[in-house]
Amino acid sequence: MPDRRDFLRRSTLLGFGASVPGFVGRSALHAQPTGAGGSADTVLVVVQLTGGNDGLNTVVPYRNADYYRLRPTIGVPREQLKPIGNDLGFHPGMDMLARLFNDRGAVAVVQGVGYPNPSQSHFRSMDVWHAASTAESLSEGWIGKALKARPLPAFHLTRPNEAAPLALAGAPVRVPSVASLDDFRLRLASASGADQAAQRGVMTGTAQPPADPRTPGLLDFVARTQLNTYSSSDRLAAVGRTYEPRVPYPETAFATKLKLAAQLIDAGVGARVFYVSLDGFDTHAGQGGAVGQHATLLKQFADGVSAFYRDLSERGQKDRVCVLTFSEFGRRAHENGSRGTDHGSGAPVFLVGGKVKGGVVGEHPPIVNLTDGNLPHATDFRRVYAAVLDRWLGVDSRVVLGDGFPPLELFS
Amino acid sequence: MTPIPALQPYSPTPADPWDRRKAGHLLRRTGFGPTHAELEAAVRDGFEATVSRVLTGRPETDDFTRTSDFMASERSLPAGAPLPRLTAWWLDRMLKTGHPLREKLALFWHNHFATSHAKVLNARHMLGQYRLIHRHALGSFRDLLVGIGTDPAMMVWLDTTESVRGRPNENYARELMELFSLGIGNYTEADIREAARAFTGYEIVNGSGTFNSRKHDPTPKTVFDRTGPFRGDDVARMCLDNPATSRFVVRKLYRFLVSEAEVPAADVVEGLAARLRDSGYDTGSVVATILRSKLFYSAAAYRARIKPPVEFALGIVRGLEATVGTLPLADALPALGQVPFAPPSVKGWDGGPAWLNAQTLLARNNLALALTSTDDPRFARRSDPAALLARHGKTQDGAAVDFLLGVFLQGDVPAASRDRLLEYLDRAKTVRTPGYWSAADAAGHRVRAVTHLVLTLPEFQLD
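As they're listed, the protein sequences go chains A and B. To get our numbering, take the position in the first sequence, counting from 1, and add 1. To get our numbering, take the position in the second sequence, counting from 1, and add 866.
Treat the hints with care, since some could be wrong.
Unchecked claim - From chain B, some residues computed to sit far from chain A (all C-beta separations above 12 Å):
| # | residue |
| --- | --- |
| 1 | Pro871 |
| 2 | Ala872 |
| 3 | Arg887 |
| 4 | Arg895 |
| 5 | Leu961 |
| 6 | Arg1031 |
| 7 | Ser1145 |
| 8 | Lys1213 |
| 9 | Asp1241 |
Said to hold, decoys possible - Below, computed lysine-lysine pairings styled on DSS-like, alpha-carbon distance capped at 30 Å:
| # | chain 1 | residue 1 | chain 2 | residue 2 |
| --- | --- | --- | --- | --- |
| 10 | B | Lys962 | B | Lys1213 |
| 11 | B | Lys1260 | B | Lys1173 |
| 12 | A | Lys300 | B | Lys985 |
| 13 | B | Lys1213 | A | Lys300 |
| 14 | B | Lys1213 | B | Lys1173 |
| 15 | B | Lys1118 | B | Lys962 |
| 16 | B | Lys1213 | A | Lys149 |
| 17 | B | Lys1118 | B | Lys1160 |
| 18 | A | Lys300 | A | Lys83 |
Claimed, not checked - If you only want the chain A side, here are some residues facing chain B, beta carbon under 10 Å, derived:
| # | residue |
| --- | --- |
| 19 | Arg186 |
| 20 | Phe222 |
| 21 | Ser233 |
| 22 | Ser339 |
Since the hints were derived computationally from the structure, they do not count as laboratory data. Built from N, CA and C at the ideal position, the CB exists for glycine as well.
So that you can see chain A by itself, here it is in the shape it has in the complex (with noise of 0.2 Å):
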């Protein structure tokens, strides 16, 4: 069997090619923050949960008595859902999000997304997310072959920990992953100006990529990494060290990356698109019901989402910005004996913004007599990629999806 991680190894250096290093975009935008999908100025945030996000508990189907019945010690009672119509309500932990959905009508939510066969293995399945496609080798990225098709600048909020996903992979300029603009200082001891100047002469002059082309791609990979980010650091560092933001965001590390998106939206540096995850949705024990680990995590998710959204929306941004979220797949129906769930498939996604058209869109899955516990997908995740490359990047979904992949209507 061909080794998909092997091969995806061999294609990123590939992938980097010889692009010109500076992602940082010119100057700040001149376009009128229009919104229009497509327009000069659309900003795509993509948020991963990690892990496999329990969609039942997340949107919850609070008339259906086998919910209960499935969940004796995690089901959420009805009385502390927030009811977002439809008979459905989202987990207490999501208010801040279920207000943005009665209040703003800025939330879509997409029910039981998924794909055909799909697999319960974490890494495989998030490849197939990532790569849009359920081939058996994969090797680029749905973003990184939009950006192939559109150059956009982009950027992975990252920790240090976190590899570049494979969604950014194939991109034609390699995706910058930063954590915090204060890290993104290149530092050198020097007795003067002008022996600082000198050594970073030798650092960006030692840094040529080799011109030898049988040079293995490794060194290759180095000194481009090297020049792309000495050139880059001066101007990341300066960007926003005024930033203020208009409301409170809240004091966890996922909040923190989205008001770094958002530092660097009000920079004008012209980044498009954002790459963001949270982990630890693996819950396979222990999970909780109303309050718990669960809990703890969309909590995270729906308070960062909400501050960022509202901080945006003071600044007069908030129709530049979609914010889509996934997870690679949801969990089983019925709890397991760990009072946790077992990895599943379909799942809700979300996306957030001024622009998008709120409500919820399809079915909730039926969630007994299932194939092992599974809930099925009601509609192909790359109907929703194919709205957001369509009618919110430009970009043509065809080549990156291939054909068979309609967009959903998730933009007003």
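Following the hints, complete the assembly by docking chain B onto the known chain A.
Coordinates of chain B only, in the frame set by chain A:
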């Protein structure tokens, strides 16, 4: 089986001699960065003596064993000890052990059975898993795979402790097959569901994984088309019966020891996998085959990996002959992207190009600066290139640059890079320095700055 050319033993010839480059390559891959003395000894003693010494290691000194054991005692590292203390303890072993290869393979298995303190939250359990892995690092993969199933840290990490009769938890059964042995595509979802029942009834009693038949599901399970009242260790052994496991493991070993840049050729995988099976899953035997092979000393393997953060940091410390404490190193590692005892997920670190992005690259540069500049309070003069060069009598600029390039890169850099370093030293003589600097400060600054520049060369990021 016909012999596989790439796996035939390397022996030095005038056309393909044993030299400093090859010695550096072997010592890097099998340790944590060579010192000047180690490189000299390897070149002087020749290939056979060096590779034998690498494979057997030197006996640990009493001082090393006593100190390391004391630092790992319950009093010194209690269950609630924070992660950096645990990490610093292992880093100290990596720096000082007489058998770096075994420590290196322990790091390999830690990445294979990737378990994080972030969930386990018990330093005793994490140490226990380290000991299991270290014991079998160059020994039996069979014993390791069976043993890890009742390892307390693993049992907490993948919820085996939560899995009891009637309420099986699939987490361990799935990762056992997907990540620890067979690899994806070699089992079914039904295999996982059935195997999960075999892993019921394991619990931690007085810090050890034990089997409790009252909590175990004794009914027959059907796993890999075989039916029986299997227990967890039966499933682990059945995974070993499938040759897919040997291929999966040797592919990972290849990536760890040989190359991240190329997929191994099919005959190499088959040859190494056969060796693993025929030796009764003796990891040391496969490692020895690799480290003696023509393949290992060929261009296909040379600098064909990105240096992982731990090796980057320790390589500098060892090369500089520094005597720094490992706690500040442990504190610096998160920004570089690798903290032993805290891999990002059960899949471990991705490695390869994933190690380097703008942020981790800057963190590497900045750690190199802290270790070379002497004005960082964490390391101060315990890590000082100027003192190193003085000790080795390299007072002239040319000799100093060649010594540094010799230690860290075995002199194998483009001539233009060497010229730029010399040019920097030249210009730095005339550069204005702050008024309060002494002549020694200024001279020290030049060689410390040029050492930092050596450590930022792209070639130094390669392993």
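Please name the hints from earlier in the document that this structure breaks, with their numbers sorted from lowest to highest.
6, 8, 9
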